[in-house]
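K.L.:
Residue-level listing of the chains:
Number of protein chains: 4
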Amino acid sequence: MTTTQLKTLARETSAASMHALVYHGPGKPAWESHRRPAVQDPQDAVVRITTSTICGTDLHILKGDLPAVTEGRILGHEGIGVIDEVGAGVSAFRKGDKVIISCITACGKCDFCRKQMYSHCRNGGWILGNTIDGTQAEYVRIPYADTSLYPLPASASEEAAVMLSDILPTGFECGVLNGHVQPGDTIAIVGAGPVGLAALLTAQFYSPAAIFCIDLDDNRLKVAQSFGATTLINSAGGNAIQRVMELTHGEGVDVAIEAAGLPATFDICQGILGAGGHLANVGVHGKPVLLHLEKLWDRNATITTRLVDTVTTPLLIKALYAGKLQPARLVTHSFALGDILKAYDIFGNAAKYSALKVALKSL
Amino acid sequence: MTTTQLKTLARETSAASMHALVYHGPGKPAWESHRRPAVQDPQDAVVRITTSTICGTDLHILKGDLPAVTEGRILGHEGIGVIDEVGAGVSAFRKGDKVIISCITACGKCDFCRKQMYSHCRNGGWILGNTIDGTQAEYVRIPYADTSLYPLPASASEEAAVMLSDILPTGFECGVLNGHVQPGDTIAIVGAGPVGLAALLTAQFYSPAAIFCIDLDDNRLKVAQSFGATTLINSAGGNAIQRVMELTHGEGVDVAIEAAGLPATFDICQGILGAGGHLANVGVHGKPVLLHLEKLWDRNATITTRLVDTVTTPLLIKALYAGKLQPARLVTHSFALGDILKAYDIFGNAAKYSALKVALKSL
Amino acid sequence: MTTTQLKTLARETSAASMHALVYHGPGKPAWESHRRPAVQDPQDAVVRITTSTICGTDLHILKGDLPAVTEGRILGHEGIGVIDEVGAGVSAFRKGDKVIISCITACGKCDFCRKQMYSHCRNGGWILGNTIDGTQAEYVRIPYADTSLYPLPASASEEAAVMLSDILPTGFECGVLNGHVQPGDTIAIVGAGPVGLAALLTAQFYSPAAIFCIDLDDNRLKVAQSFGATTLINSAGGNAIQRVMELTHGEGVDVAIEAAGLPATFDICQGILGAGGHLANVGVHGKPVLLHLEKLWDRNATITTRLVDTVTTPLLIKALYAGKLQPARLVTHSFALGDILKAYDIFGNAAKYSALKVALKSL
Amino acid sequence: MTTTQLKTLARETSAASMHALVYHGPGKPAWESHRRPAVQDPQDAVVRITTSTICGTDLHILKGDLPAVTEGRILGHEGIGVIDEVGAGVSAFRKGDKVIISCITACGKCDFCRKQMYSHCRNGGWILGNTIDGTQAEYVRIPYADTSLYPLPASASEEAAVMLSDILPTGFECGVLNGHVQPGDTIAIVGAGPVGLAALLTAQFYSPAAIFCIDLDDNRLKVAQSFGATTLINSAGGNAIQRVMELTHGEGVDVAIEAAGLPATFDICQGILGAGGHLANVGVHGKPVLLHLEKLWDRNATITTRLVDTVTTPLLIKALYAGKLQPARLVTHSFALGDILKAYDIFGNAAKYSALKVALKSL
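Protein chains in written order, with the working numbering: chain A, 10 to 372; chain B, 10 to 372; chain C, 10 to 372; chain D, 10 to 372.
Quick caveat, the hints were computed from the structure, so don't treat them as lab data.
None of the hints are false.
Within a straight-line C-alpha distance of at most 20 angstroms, the following computed EDC-like cross-link-like pairs (lysine to aspartate or glutamate) qualify:
{"no.": "1", "chain 1": "D", "residue 1": "Lys296", "chain 2": "D", "residue 2": "Asp276"}
{"no.": "2", "chain 1": "C", "residue 1": "Lys304", "chain 2": "D", "residue 2": "Asp74"}
{"no.": "3", "chain 1": "A", "residue 1": "Lys124", "chain 2": "B", "residue 2": "Glu260"}
{"no.": "4", "chain 1": "A", "residue 1": "Lys304", "chain 2": "A", "residue 2": "Asp276"}
{"no.": "5", "chain 1": "B", "residue 1": "Lys296", "chain 2": "A", "residue 2": "Asp276"}
{"no.": "6", "chain 1": "B", "residue 1": "Lys370", "chain 2": "B", "residue 2": "Glu168"}
{"no.": "7", "chain 1": "B", "residue 1": "Lys304", "chain 2": "A", "residue 2": "Asp74"}
{"no.": "8", "chain 1": "A", "residue 1": "Lys296", "chain 2": "B", "residue 2": "Asp276"}
{"no.": "9", "chain 1": "A", "residue 1": "Lys72", "chain 2": "A", "residue 2": "Asp354"}
{"no.": "10", "chain 1": "C", "residue 1": "Lys304", "chain 2": "D", "residue 2": "Asp276"}
{"no.": "11", "chain 1": "B", "residue 1": "Lys296", "chain 2": "A", "residue 2": "Glu303"}
{"no.": "12", "chain 1": "C", "residue 1": "Lys124", "chain 2": "B", "residue 2": "Asp120"}
{"no.": "13", "chain 1": "D", "residue 1": "Lys370", "chain 2": "D", "residue 2": "Glu41"}
{"no.": "14", "chain 1": "B", "residue 1": "Lys361", "chain 2": "B", "residue 2": "Asp226"}
{"no.": "15", "chain 1": "C", "residue 1": "Lys370", "chain 2": "C", "residue 2": "Glu168"}
{"no.": "16", "chain 1": "D", "residue 1": "Lys296", "chain 2": "C", "residue 2": "Asp276"}
{"no.": "17", "chain 1": "A", "residue 1": "Lys37", "chain 2": "A", "residue 2": "Glu80"}
This one's a predicted model, so the numbers in the text were calculated from it and none came from an experiment.
With the hints as extra help, turn the sequences into a complete structure.
P.N.:
Shown next as structure tokens:
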């Protein structure tokens, strides 16, 4: 081999590899070298990640709670990046475009996509970092790129924009829209973690009169207050329901947003729901809950569940540019992408470190 | 006292008494003489009952399941009659008008009435035959008559119209409207008793493509078929969910209407609900149910409860006159009002007698 | 007659008279002594006016544009006051309560009221200062008081609250709600008079991304900017449509709110409406307009008209108390009620005096 | 060249040519030989037409009313066929599949497609037989096949199914859905041509109480009656408005569907619209109309326009299979595709021949 040949080989090898966070079974993530993804189908794009983040779901995967995620999988379903390569069928993007990666992959063609329920896309849905390799990597392959990526101006704040991959549309669609928050309403958000705060931020699009925030952690409640909550209730004492009923003169709330995914928080929601109210479940539940139909059957209640469809991403982008939304406030810690294991440690011990979302930046 | 005076007294005494079905505690109804009601408030009307009926809720009361109903109460919340007397504040009706009595009394002024949620009227709601005397009597006092009665042409079928007091708006509002039945939908009605059949009749206003009817009783299923059900499923074998999933190629239904009020029937509903589907609870539940949020959290499900508001009574009257609705088909047995105890026996043993609704007619 | 008798007579005479603005034909208003109104029907209340105001419609009446208004009529349909007397059928209010008088009188019983379309109430609607005596007086009789008045805490700002009689629900219902303003939308308000500004204030309940305000008067545009308009367009040059199309890159707006009532302003609205957009007419029109269906037929446009129903008054009260609404900013001039003719002069020459709404206060 | 070579050439030449209806300028259509279309883009499909039809719009094109249609264009935007060839990017269809061709081509990716407003697709919309070659041909190229074609079982009636290309979704979406037809409503359809009848058929999905049909042609009115119209009004006498107002006791209708595209028919619609009513424009208008805002401004009216989005095609297919829809009743005449000029003659003189839609069948 000549020197030139060797150099080319080195460059190609380098070009063909990257670093990524690979799941090697419960409790065993590794930041390691991995083959760089390439376009496989005409609708694919390969995106070079510039900012990523970690979701609570990623922690569940690392605990082994999601058996669909198999060993060798690159995790992560949120990210901002730059298009590196597109398949022949991609028309909306070209190499060099900056994009928001949606946590939901949508083929745009199936019956669910055609009623905007991308979450249940027959060819996509939540697959990134789940059944295909994800965004906690230097590069990621995005199927159905035209309908799964959103253009982002080069000047946009990536820390803000990466919140639009998942957490903001989740809080907005599953909590605020499903909850039908209206001007003048009294609403309650049960759970002040990142997704509850995302609901809190976006609920204010509709000017509710009062926003109760309920959590066990005074620090998170303080953050909620700074984000716009009007009344803070620490549920540690077990009297959150009683407190809300007192504050609402026995009427209960118009909207209760469940943002924790626990039987106890769902119980609070059903206990404080006013007649004609909406209970919007956002949390990921691992167990059934006891639904008190013997009390609720005549209460004209609406209870909703939803996996985020990311159908509001364009709306959120417009709100972001109009200055109606400050999602970067959700980011409490920043790391180099290569320091992702440190980031996992901080994010996995969120209460201890007063952490909300982390930003992971490529250098 | 002169003879004339005595005659007048007799007439007045007669005028002031009537017969009514009085609740004397669990298992103790009596058809007996009772003081005839009179106008108490300016918004009151007194209605002479010409047709009444019995509701499943009346059976619950007689079993002692509703402790709010105290001894001495006249039962019944459904009826057709003729206005006998109106208070000074009643403007929409006058003596001699034929009316449908709504099972829900609406003041028309409170915040709930003003958002058409009459079920939760702060001054009314379901009070007839519950906290005030009801319609299983020769006369009944109706508070807020202008907003709790509906005019009925003298020529209308009373057997048909009495179904509009409660059962039809209940099936329609709680089941069909809350379930958002749409043309082309595949829907399931779980429970083929009177309220399930009322949902079945009114669901057809919206032209669903397929209507599965699920019940334990083959006789009721046959009736459901004659009312328009397209597929009958006897759930006795315990495989109703599996059957529906097979029939829908694993997709589940667009709308599941719970019309029995039992944990088992609610379970069927949540088991057959397609992604993005609506579960509309109509049944009166006495116990909590296990809600499988661990399966439903990402299914984009909507679950609703409702006490009938009777806000659609005018719509149902229009449909009735237009020949779009044949509610008299729900009436399987007719009795003289004075034979109401026999009617209770038949209605209380509905399966044995193949009974749906009974008509009680004054002579 | 004794001295005591004479004094009583004087007091009663005084009690039975008041001052009011009486219409004596086009151009002939008079502030004069008038018999004080009394309860006529059981649902009536008599309200002592503490704050009133003038509407653009009142100017039209004075010009003779509304022939239904006959000589001798007391004008005005907006006001805050204190209940002085209630009829036997009034249950929600008692003497001494402070109230907002709705410009729309609603019987609460008719078919229109029962679908919340109070504007078309068969027994009421807009009658105050139109077909019955109005609120530009020391006292006013309000029919159907329970459903036509709203309670106001004694501590509330009357200048703010009087904007809830008409102008705010008009801008909100006819403009913002009918226009379906959504977060992220680009909207245009054509006409920056009081009702356009009311639409501007309440549109912000829904967090639109951009609010274009279009008017001929730079002063009003400056006010609009201080109220939240993001882009100001003076239409004097005749190129408002072109300017909006440039600013929206040829797309047009999501919502166009017509708040002037002129063919020219309606034309601007139809000229700037994006595909799928909503044109919400708020203005009172005296002439037909040319609707360009040859351009609009395939544009998926929705055009709405509406007389305010005041169905959102409770919502607006909640928003007011929650600090989400600052309607007192609409009040540019204050007068004693007795100086109402001066107030008409200012309000009738609004451009000259930079006037928006006036407050008329009893002393 | 050998004999074999010559035969192959002949076959290929034949394979590469077809017959089609080509527009050669106003009044000059020709059924002539034309190069057969081929896949140009990966999302394309080529469909062999088995059934086509003619639309009123095609007559307008032939009159020269649509200057965007240039000489040489193959007309037609409706059809049933069999997939002959698909591009590499087509995943939902393969050669041999029977399909319904939508009159609207939808890329499925643009902002309009992603809010289901396919009519305004940035890459498609109504292009077939307009800006690209259409379906009145033996073969047609369909761009974005996955989102512009619908699968049809081999056993389906093609005469029925071809009505789903355009006329049925147009009547349904622009007329019935935009008009918000509800059970119990009184509706009027102005214009009993094919699209008015399509609205009539699909309005019955929602069980209106009364359907007035208004037209100048008694024959069409008779057809309307057989399709379900409850009241027929011949507007020739000029008193259609008066007649509707009498029949509705001065109330007007809940929904007025304009299905003719003329100022006179639009006038009838605005003249009969009840307070709170919906005027749904379906007709294609060539001129502006006078909108009587001086009467409508306070009538709480909603006026809509729409180019069909064909978003309801899947719903209509479900209704068709469920037997809820008999669209083949719209087909009055059948021809061989090669006899299309005769078909144009019949369809272009519809009144004379009592024609509604024609079916053009390949042999």
